[in-house]
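K.L.:
These protein sequence lines map, in sequence, to chains G and P. Residue numbering for the first sequence follows our numbering, beginning at 1 and increasing consecutively. Residue numbering for the second sequence follows our numbering, beginning at 1 and increasing consecutively.
Check before you lean on any hint, since a few could be wrong.
Claimed, not checked - So the derived list for chain P, only partly shown, Cβ under 7 Å to chain G, looks like this:
no.	residue
1	M20
2	I21
3	Y22
4	A49
5	L50
6	S56
7	G58
8	K62
9	T91
10	P108
11	N118
12	L125
13	G137
14	I141
15	A146
Simulated from the structure, these hints should not be mistaken for laboratory data. Computed from a predicted model, the values in this text were never measured in an experiment. Each residue gets a CB set at the ideal place from its N, CA and C atoms; glycine is no exception.
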Amino acid sequence: MKNARNLIAATALAICAVFLIFSSIMMHPFGKPSDSSMDDYIISNAQNETGANNAVTSVVFDYRGFDTLAEATVLFTAVAGVIMLFRREKHE
Amino acid sequence: MSEMSKIVRTISNSLFPFIMIYGLYVIMHGHLTPGGGFQGGAVVASGCALMLVAYSSGWVFKKVKESDLSVLESIGAIGFISLAFLGIGVTFFYNFLVGSNLLFGEIPPAGPNTGNLNTAGLLPLMNLSVGLKVIAGLFAIVAVMAFVASRGMRKK
Chain G
1 MKNARNLIAA TALAICAVFL IFSSIMMHPF GKPSDSSMDD YIISNAQNET GANNAVTSVV
61 FDYRGFDTLA EATVLFTAVA GVIMLFRREK HE
Chain P
1 MSEMSKIVRT ISNSLFPFIM IYGLYVIMHG HLTPGGGFQG GAVVASGCAL MLVAYSSGWV
61 FKKVKESDLS VLESIGAIGF ISLAFLGIGV TFFYNFLVGS NLLFGEIPPA GPNTGNLNTA
121 GLLPLMNLSV GLKVIAGLFA IVAVMAFVAS RGMRKK
C-alpha cells in the first residue's frame, strides 16, 4: 500500500518536472512576448479611448471590467464567509 | 484585549488622519497615478486596523457597527454593477462619460501626465465604488476577527 502511494507520488512529480523543464526551455526571451498586438493596441489607444493617463487602470476597469467585477465578487464572498464563521451565536 | 498604552494611542491618533488622506488620495487619483480602488482601500483599511490595535475592538465597535460595514460594502458592490449597467445601451461596462461634457468627461492630450482629475469618464467613479467596497470589506474582516479573539480570551 505504502509502496504504491510512493510510486504514484514519484510519477506525478516526474510528470510535473518534465513539463516544467520543457516549458522553461521553450520560454521566449525576456521582454519579447510572442504576440504583442494586444499590448500595442492598448499602449497606443488607451489614452484616447478611455481618457485615463494610467493605462493599467484603463485596462483593469474598462477593457477588462468583467475581471474586476469577479474580483469584487471574490472579496464579497470572503467577507461574507468570515462574518458567517465568526457570527455571534444566540445561545451564548 | 484591552487598549494599549497612552504613547501608542497618541501616536496612532496623530498618524490616523494622514493614513486616511493618503488612502483616499490613492483611490481618487486611480486614473492618473499608480494605484486605484483596491490599493487605496487596503491603505485605508490598514489605517482602521491601526485604531483596532491601539484601542480595543470593543471601543471600535462602539463607534462603527458590523452591520454598517456590511451595508457600506453592499453599496460599493451595487454601485459598481449599476455603473457598469448604465452603459448597457452599447455594451456592459461601456464608458459613456468619456468625451461628453458631463462629469469626468475630458480626454487628456496624448503624452505626459497633465494631472487633470476631470478625465477618464466612468473610471474614477468605479474606483470610488471599489474603494468603498474594499475599505468596508477588509475592515469588517479584521474587526470581526479581533472582536471574536478578544471574546475568546475573556472567557479563559
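K.L.:
None of the hints should be skipped; say for each whether it holds.
P.N.:
Results of checking the hints against the structure:
Because the smallest distance between the Cβ of M20/P and any Cβ of chain G comes to about 20 Å, over 7 Å, the interface hint for this residue is violated. This hint is violated: I21/P has a C-beta 20 Å from the nearest C-beta of chain G, more than the 7 Å allowed. Here the hint on Y22/P is broken, as its CB sits about 17 Å from the closest CB of chain G, past 7 Å. With a cut of 7 Å, the hint placing A49/P at the interface with chain G is violated, because the nearest CB-to-CB distance is about 14 Å.
Nearest Cβ of chain G to the Cβ of L50/P: about 20 Å, over the 7 Å cut. The hint is violated. Among the interface hints, the one on S56/P is violated; its C-beta lies about 17 Å from the nearest C-beta in chain G, farther than the 7 Å criterion. The interface hint given for G58/P is broken, as the beta carbon of that residue sits about 13 Å from the closest beta carbon of chain G, more than 7 Å. This hint is violated: K62/P has a C-beta 16 Å from the nearest C-beta of chain G, more than the 7 Å allowed.
At about 10 Å, the closest approach between the beta carbon of T91/P and any beta carbon in chain G exceeds 7 Å, and the interface hint on this residue is violated. Interface restraint check for P108/P: the shortest CB-CB distance to chain G comes to about 6 Å, inside 7 Å, so the restraint holds. The criterion of a C-beta within 7 Å of any C-beta in chain G is not met by N118/P, whose closest approach is roughly 10 Å, and the hint is violated. Of the supplied interface hints, the one on L125/P is violated, with its beta-carbon coming no nearer than about 10 Å to a beta-carbon of chain G, more than 7 Å.
The interface hint given for G137/P holds, since its Cβ lies 4 Å from the closest Cβ of chain G, which is under the 7 Å cut-off. For I141/P, the interface hint holds, since its Cβ comes within 7 Å of a Cβ in chain G; the closest pair sits about 5 Å apart. The interface hint given for A146/P is violated, since its Cβ lies 10 Å from the closest Cβ of chain G, which is over the 7 Å cut-off.
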